[in-house]
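Line by line, the protein sequences give chains R and Z.
So for the first sequence, my numbering puts the first residue at 1; every next one is plus one.
So for the second sequence, my numbering puts the first residue at 1; every next one is plus one.
No lab work stands behind these hints, which were simulated from the structure alone.
One thing to keep in mind: the hints can contain errors.
As the list claims (entries may be wrong) - Pairs of lysine to aspartate or glutamate, DMTMM-like flavour, derived with a Cα cap of 25 Å: (1) Z:K98 / R:E215; (2) Z:K322 / R:E7; (3) R:K166 / R:E215; (4) Z:K407 / R:E319; (5) Z:K128 / Z:D152; (6) Z:K330 / R:E249; (7) Z:K224 / Z:D39; (8) R:K18 / R:E7; (9) Z:K14 / R:D293.
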Amino acid sequence: MFFGLSEEQEQFQDYVKKFLADNVSVDEIRKITNGEDEALAKEIYGGLINLGINALLVPEEHGGLGADLLSAVAVAQGLGSGVGPIPFAGAYVMAPIAINLAGSDEQKTKYLPQIVSNETKFGVGLSEYVAAREDAGIDLASGKANGKALFVIDGDEADFFLLANKGGVLFLVDAKDKGIEITKLTSVDKTRSYLELNLKNVAAEILSGSESDPEIAKKVLDAGRIIFAADSLGASESMIEKAVSYAKERKQFNRVIGSFQAVKHMCAEMASDLEPCYAMLWQAAHSFDHDPDEARLQACQAKSHISEVAKMVSKKATEVHGGMGFTDLLGLHYWFKRIGLNRQLLGGPELIREEAAEIQGFNQ
Amino acid sequence: MDLNYGAEYEDFRKDVEAFCKEYQGVSFKSESNDNNMSDALSGSSATKKSKKEVTRSEWQQILIEKGYIARAIPKEYGGYGGETDIIKSRIIATEFSKAKVPGGMGGQGIDMLVPTLLEWGSEEQKQKYIRPTLHGEMIWCQGYSEPNAGSDLASLQTKGELIDGNWVINGQKIWTSTAQYSQMMFCLVRTEPQAPKHSGISFILIPMDTPGIEIRPLVDMTLKAGFNEVFFDDVTVPEENIVAKRGEGWSVANSVLGHERGSLADPNATMNRLNTLINMMKEQTIDGRRLIDIPSYRDRLMQVQGKVMASQAHSLRLLSSKINPGQNVKLGGMIQKLVGTELRHELEGLAIDVLGEIGTLYEDSPYLKEDGSFQFTYMYFLGLIIGGGTNQIQKNIISERGLGMPKEPKVTEAS
Chain R
1 MFFGLSEEQE
11 QFQDYVKKFL
21 ADNVSVDEIR
31 KITNGEDEAL
41 AKEIYGGLIN
51 LGINALLVPE
61 EHGGLGADLL
71 SAVAVAQGLG
81 SGVGPIPFAG
91 AYVMAPIAIN
101 LAGSDEQKTK
111 YLPQIVSNET
121 KFGVGLSEYV
131 AAREDAGIDL
141 ASGKANGKAL
151 FVIDGDEADF
161 FLLANKGGVL
171 FLVDAKDKGI
181 EITKLTSVDK
191 TRSYLELNLK
201 NVAAEILSGS
211 ESDPEIAKKV
221 LDAGRIIFAA
231 DSLGASESMI
241 EKAVSYAKER
251 KQFNRVIGSF
261 QAVKHMCAEM
271 ASDLEPCYAM
281 LWQAAHSFDH
291 DPDEARLQAC
301 QAKSHISEVA
311 KMVSKKATEV
321 HGGMGFTDLL
331 GLHYWFKRIG
341 LNRQLLGGPE
351 LIREEAAEIQ
361 GFNQ
Chain Z
1 MDLNYGAEYE
11 DFRKDVEAFC
21 KEYQGVSFKS
31 ESNDNNMSDA
41 LSGSSATKKS
51 KKEVTRSEWQ
61 QILIEKGYIA
71 RAIPKEYGGY
81 GGETDIIKSR
91 IIATEFSKAK
101 VPGGMGGQGI
111 DMLVPTLLEW
121 GSEEQKQKYI
131 RPTLHGEMIW
141 CQGYSEPNAG
151 SDLASLQTKG
161 ELIDGNWVIN
171 GQKIWTSTAQ
181 YSQMMFCLVR
191 TEPQAPKHSG
201 ISFILIPMDT
211 PGIEIRPLVD
221 MTLKAGFNEV
231 FFDDVTVPEE
241 NIVAKRGEGW
251 SVANSVLGHE
261 RGSLADPNAT
271 MNRLNTLINM
281 MKEQTIDGRR
291 LIDIPSYRDR
301 LMQVQGKVMA
311 SQAHSLRLLS
321 SKINPGQNVK
331 LGGMIQKLVG
341 TELRHELEGL
351 AIDVLGEIGT
361 LYEDSPYLKE
371 DGSFQFTYMY
381 FLGLIIGGGT
391 NQIQKNIISE
401 RGLGMPKEPK
411 VTEAS
């Protein structure tokens, strides 16, 4: 019996953390997110791809690493802790899982190796499948997609978009299709891209497995939610570390503020609420691959619970930093905003808890 | 990640499962109504629909013989004489909890004194005290806190002087649970008044029928359970009743305090209480509508469920860190008392809220749900939030020992 990340998974996470720590300081994040240094942005993205984060979930027969979701969770924790400004949850988790579970042999053979080589990039838009805002949504008829997809993630350089209709039918559209109009949305979290797509008679390549099995779209959703929870967990861990180390240095009233119980207790509260989240997250990821009966409930509860804890951490850690915590100069806000975006993506805590209740048959 | 215990443990699990099936519905002879409440605390339901009746000490005997309790305690001291096996302990706890079969007796003697004696006691002390304690024939109370030594326990002042081969003890203890029916007390006493405060304390065993001991009850807010104040007026016990050496009492006491903190909030019991709450919310109604169908109640239920699931997963991770040396759970055990007691208090409080006015009913009122155990447990866990090292003290420990933050500077005494 062993409950936790394997040595290999921890090592992978350490590589990601180290790469971000060595290459992406707050100043560099600022440059990248302001669009001031595209070369640097490409270099960071390329560096992480070199570590193989894109190949994790592609089966070995298609040239990938054939890892389980827990390995992707280990990476996502690392990306969250360094607010990695690259695509991941959509492009390298949800897309390969969707294609692998619902694609035809032909589609798998075509697309999966291209994810490994990173020649083909996927943006993902499942927001309307979860909860449609602004009357958005996509209709599928006779192989054509029409409508609007909001809050599409990982789409900045995408060659294809993975989308779904309300019934959970998954399909791909070519980003170069003339019927697609792409509009950038601006969220508080500038470390990740956010798009709106308007589709008029766009050719839809349906992943036919999702037509016959509506559970597949839910599975893809579970994976995405678990990854966003992992990202928030990593970001929270990092915020606590920063708060504790700041409190050990900053002096007021002739003593370090970390010796005041008011400050110590905030740190203890953050740490003790976050600590059980590791186990919860890893169990959810493990169940995703190995315990289908528990998987959906655990994915929902992990996303909603970790989102709540992360929100608390993002507030208290900022408060420990005092006025500096509020400044752009210190840049703590990148972590605050990362947690803020993760919380809402693929459903905020209230919506997901309602789903968790439904899974258990509570709301009749 | 590997959540399988392996084939050997699967066989063991089946044995335990069969045992639990055999004893499902077991109940205890001649005991007070307070049983209902202790069952609510542990999440079991021994007193309902009883088929078999045993005494508490017969039940202890049965469990020791199977190795379900006192597993690693040598046979010569009345234990099972097996090896410590954390996975088996976990399997036992889980299966008992699932079948709602009552576990072994707890209490200060079994949970705290026995491990203390095994580590620090003389051979005579082990021979004399462990067996009757394990079998429920010798009940112990703990004499640590004093009116002026609460969170700052090491400042305790109850005095012990060695006179003609006897310890003569004077002073007062407080928050002493079970003093009124204990045969023995293990007590922290200041024996070296000249030494620094932590090294002037000794750990002494005191028979409760010794002349000079006065016990005054101190009823707690639940009005069902209680503490005591215990007064010592020239209480005289033999010199050999000291455990370890003079002045080592603080180390002796600390070696088992961590154990007590962990045991205050068992995640299995919390899961059972969550299930009780869920069932209650499916049965009870407002205007004919089930409580669980009211969205705001349901959302709070789901929030608490998330926390319970996190804490269950965390306990698995802790278990794993104990059997896989080198696995680092840096804050793992340290947070258990804080998080576990707060969660339980929140869970019981939610049950009261969804019951509304019904939730305020208590004792033997009509319309009482679950024997009034939600109110009782809600209050009881507030007691545990304060007791066993207040949760504010826990936060000091977590921030200092877990996060490496500095201690609060000492205040020089005002004159």
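Taking the hints in turn, this is what the structure says about them:
Between K98 of chain Z and E215 of chain R the alpha-carbon distance is near 30 Å, which puts this suggested pair outside the 25 Å criterion. Of the pairs offered as hints, the one joining K322 of chain Z and E7 of chain R holds, with about 17 Å between alpha carbons and a cut-off of 25 Å not exceeded. Between K166 of chain R and E215 of chain R the CA atoms are separated by roughly 13 Å; this keeps the pair inside 25 Å, and the hint holds. The hinted pair formed by K407 of chain Z and E319 of chain R meets the criterion: a straight-line CA distance of about 20 Å does not exceed 25 Å.
Restraint check for K128 of chain Z and D152 of chain Z: the C-alpha separation of about 32 Å exceeds 25 Å, so the hint is violated. Proximity of K330 of chain Z to E249 of chain R is assessed by CA-CA distance (about 22 Å); at most 25 Å being required, the pair is judged to hold. Distance restraint check for K224 of chain Z and D39 of chain Z: the Cα-Cα separation of roughly 14 Å lies within the 25 Å cut-off, and the hinted pair is therefore satisfied. With a C-alpha separation of about 16 Å, the suggested pair K18 of chain R and E7 of chain R falls inside the 25 Å cut-off, and the hint holds.
Among the hinted pairs, K14 of chain Z with D293 of chain R is consistent with the structure: their alpha-carbon atoms are about 22 Å apart, no more than 25 Å.
Figure legend: structure checked against the earlier numbered hints; hints not met, in rising order: 1, 5.
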